[in-house]
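J.: The lines below spell out each chain.
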Amino acid sequence: MSVAGAGLASALLAGCGHKSLKAQVHDATPVLHSDAALLNHLLDLEHWAIAAYTAATPLLPAATVKAGKLFLNDELSHAGDLAGLVRAAGGKPIKPRPSYPLGHPRGSAEVLGVLHTVERALITAYLDAIPRLRPGTVKQQVASIFANDAQHLAVVRAALHEPAVPSAFVTGRD
Amino acid sequence: MDVRPTRRQLVAGALSAAGGLAAAPAVALADTGVPSDSDALAKVLEAERLIVLGYRQVLASGTLGTGDAAVLEPFLAQELEHVSTVAAQLEALGTMSDTSPLDVTAGNALLAKHHVPGSLTDLHARADCLKLLVNLESVAEGAYFTALKTLGHADLVTLCAQAMACEAQHWTVISGLRNPGIYVKSIPWPFVTGSS
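Order-wise, the sequence lines are chains A and B.
Offset between the first sequence (1-based) and this note's numbering: plus 36.
Offset between the second sequence (1-based) and this note's numbering: plus 1.
Read the hints as simulated data drawn from the structure, not as lab findings.
Quick caveat: nothing in here was measured; it's all calculated off a predicted structure.
Glycine included, every Cβ here is placed at the ideal spot set by N, Cα and C.
Wrong hints could be hidden among the right ones.
Below, a list of computed lysine-lysine pairs in the PhoX-like style, where the Cα atoms sit at most 25 angstroms apart [said to hold, decoys possible]:
no., chain 1, residue 1, chain 2, residue 2
1, A, 102, B, 114
2, B, 186, A, 105
3, B, 132, B, 114
4, B, 132, A, 102
5, B, 114, B, 44
6, B, 132, B, 186
7, B, 44, B, 150
8, A, 102, A, 128
9, B, 114, B, 150
Chain B residues, not near chain A, derived (Cβ > 12 angstroms throughout) [stated by the list, open to error]:
no., residue
10, 63
11, 99
12, 106
13, 116
14, 126
15, 159
16, 183
17, 185
Go ahead and model the full structure; you've got the sequences and the hints to work with.
T.: The following block contains the structure:
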C-alpha cells in the first residue's frame, strides 16, 4: 500500500483551506527558533499519518470508514497547526514526501495494523518532544494534538479487538 | 554591576545540587507569579480524586448493565493509579497530599466549582451516569492541560501528558458508549484541551 504523498496530501491540505481557531489563537505564541527542527519532525510524521489514512480508509471495514475519514481530517488539522508553529519559530514547514512505505497489508485487520503502527509512532514522537518544547503554551498546544492521536489509537485498538485503553499512562508501546 | 548571586539563587542552587526533584524550578518561579510544580500537581490531584468519586458513584448506582461496568471498572483502576502517582510526585516535591476518598458533599462542591452540571447522587439512569463521567473526564483533561503550561520538571511534563492522553481515551470510549458508531461524537475535535 502506498500513496503519492506530496500531491495528494498537499491537495488535501489545500482543500482543508482554513487555519484552525486554535492555530489563530496561538499565532501570537512565541516559539523558539531552536524548536523548529523538532516541530518539523512531528510535522513529517503527521504527513506520514495523512498518507496512511488516505490510503487505508477505503480499505477499512465498512463500520470504521467514517472513523478513517474523521481521523484523516484530524491529522490534516494537526499538520496545519504544526506548520504554523514551525513558521512561528522562523522555520520552513517540511513538505510531504513523494511517497511513503506503508507495506502491503492484506485484509482489514492488516490495514488497521498499519494505522496502529502509525499512531503509535506519533504518540512516541510527541512524548519525546513535549517536555523539550518551550514555552509552556507550545507544550500545551502539542499535547492537545498528542491526546487526540491517543484517542485515535484507542479507536484503532478497539477495532482490532484489543483493549482500547490498556494503560493509565499513554506510552505508544501498547 | 553586582554579579553576586542572590540568596534566592543560592538556595535554588543548593536545592538543585541536592537533587531535589523540581525543587529548583519551584524556587526559581517563585518571583514570577507562575504556579510551582506542587501547586499545579495539587490541582491535578483534586480533579483526580473527584473523578474517582464519580466512577464509584456511577458504578454503585445500579443503573449500568454488566457490559458498561466491565468497560468502566478498569478506568476507575486507572484513575486510582493516577491519584497514587500524582500524590507520589507531590511527596517527592516535599508536599504531603490527601489521597483519601472524597465525600459526596465535597465532591458536589467540586462539581459546582468546575461548572459540571448534575450531581454525584442524582444518578437514576444510564444516560445520567455516562454524561457525568464524560464531564468529569473533561475536567481531568483540563487539569492536566493547565498544568502543562507551567510545569518545570521534564519528567512531570511527560507524566501529565501521558495521563491527559489516557483521560482523553476514556472520554472517547465513554462517548462511544453513549453514541455507538457515531465517531464524530467520540472524537469531535482534533485538539484536546478539556474544560477548566
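J.: For residue 106(B), which was marked as not at the interface, is the minimum beta-carbon distance to chain A over 12 angstroms?
T.: At about 28 angstroms from chain A, residue 106(B) clears the 12 angstroms cut-off, so the statement holds.
J.: Under the criterion that the straight-line Cα-Cα distance not exceed 25 angstroms, is the pair residue 44(B), residue 150(B) satisfied?
T.: holds (13 angstroms)
J.: In terms of Cβ atoms, is chain A entirely out of 12 angstroms range of residue 126(B)?
T.: Per Cβ check, residue 126(B) is outside 12 angstroms of chain A; nearest 24 angstroms; holds.
J.: Would the pair residue 132(B) and residue 102(A) pass a check requiring their Cα atoms to be no farther apart than 25 angstroms?
T.: Judged against 25 angstroms, a Cα distance of about 24 angstroms means the pair holds.
J.: Starting from residue 186(B), check that the Cα of residue 105(A) is at most 25 angstroms away, please.
T.: Measuring from Cα to Cα gives roughly 14 angstroms; hence the hint holds.
J.: Check the hint pairing residue 132(B) with residue 186(B) against an upper bound of 25 angstroms on the C-alpha distance.
T.: holds (13 angstroms)
J.: With the threshold set at 25 angstroms, check whether the alpha-carbon distance from residue 114(B) to residue 44(B) stays at or below it.
T.: Status holds; Cα separation ~12 angstroms.
J.: Would the pair residue 132(B) and residue 114(B) pass a check requiring their Cα atoms to be no farther apart than 25 angstroms?
T.: holds (17 angstroms)
J.: Hey, does residue 116(B) actually stay past 12 angstroms from chain A on C-beta?
T.: At roughly 20 angstroms from the nearest Cβ of chain A, residue 116(B) sits farther out than 12 angstroms, so the non-interface label holds.
J.: Is the nearest CB of chain A more than 12 angstroms from the CB of residue 159(B)?
T.: violated (5 angstroms)
J.: Does the structure keep residue 114(B) and residue 150(B) at a Cα separation of 25 angstroms or less?
T.: holds (21 angstroms)
J.: With d taken as the least Cβ-Cβ distance between residue 185(B) and chain A, does d exceed 12 angstroms?
T.: Non-interface label fails for residue 185(B): nearest chain A Cβ at 6 angstroms, not farther than 12 angstroms.
The earlier numbered hints that this structure contradicts are 1, 8, 15, 16, 17.
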